[in-house]
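A.B. asks: Using the numbering used here, you'd call the opening residue of the sequence shown number 1 and step up by one each time.
Mixed in with the good hints there might be a few duds.
Unchecked claim - Subject to a maximum C-alpha distance of 30 Å in a straight line, what follows is the list of computed DSS-like cross-link-like pairs (lysine-lysine): (1) K88 x K163; (2) K147 x K177; (3) K180 x K147; (4) K86 x K147; (5) K147 x K163; (6) K180 x K118; (7) K147 x K183; (8) K163 x K86; (9) K174 x K118; (10) K183 x K88; (11) K183 x K168.
I should point out that these hints are in silico values taken from the structure, not numbers from a laboratory.
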Amino acid sequence: MHQFEEYAFPGGFPIISNMAGLGEVDHPERYPLNARQSFLSNVIFCYLSYIIPILFPNLIWMGASQVLAGVWQLPGHGIAMNVRLKSKYNPGLASTAFLQTPVAIYYIWYVVRYMPDKAGQLWWGIPGSLAMLLLTFIVPILFMKDKNSKYPFDDRELYGYNKEHVIKLWEERKAAKAAKETK
Numbered sequence: 001m002h003q004f005e006e007y008a009f010p011g012g013f014p015i016i017s018n019m020a021g022l023g024e025v026d027h028p029e030r031y032p033l034n035a036r037q038s039f040l041s042n043v044i045f046c047y048l049s050y051i052i053p054i055l056f057p058n059l060i061w062m063g064a065s066q067v068l069a070g071v072w073q074l075p076g077h078g079i080a081m082n083v084r085l086k087s088k089y090n091p092g093l094a095s096t097a098f099l100q101t102p103v104a105i106y107y108i109w110y111v112v113r114y115m116p117d118k119a120g121q122l123w124w125g126i127p128g129s130l131a132m133l134l135l136t137f138i139v140p141i142l143f144m145k146d147k148n149s150k151y152p153f154d155d156r157e158l159y160g161y162n163k164e165h166v167i168k169l170w171e172e173r174k175a176a177k178a179a180k181e182t183k
């Protein structure tokens, strides 16, 4: 659901993330996130991070790592991106706020209520979730970022939510960068 919201409906996450989140002005259609990196992170690595805890249900810390990784997105989508976009919404916020966070709360409640002997493992979910986000998203971005990437996002992936506002913001940032460079 989260990936669908970011990339399909309303979509537009790639340019918002690259431009507003990561500060890229010149090539936000392909840098630092690009279509290849996004596919590997969101399909291969992310799906593995969901499937592996299912295979080991008694390792509560693995499940906690997965659900807490969703909660970590709340400050990013709910505060940081909106401040940078000058907006109240961005693609990924609704699924983070109304799906991932409630699932995490329920998971924690369930473990504490019905598996108290394993509740101590929940704490290991905190560093586990940070490691998972690092390995699933940050490391691939660092290794695969390329301003000349042959894997730009398609326009339909770039422009979804609030296209006119995003393009205007991009133009403002390009103009500000050009003005700064001429000083």
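A.B. asks: Among all the numbered hints in the text so far, which are the ones the structure does not match?
C.D. replies: Violated hints: 6, 9, 10; rest satisfied.
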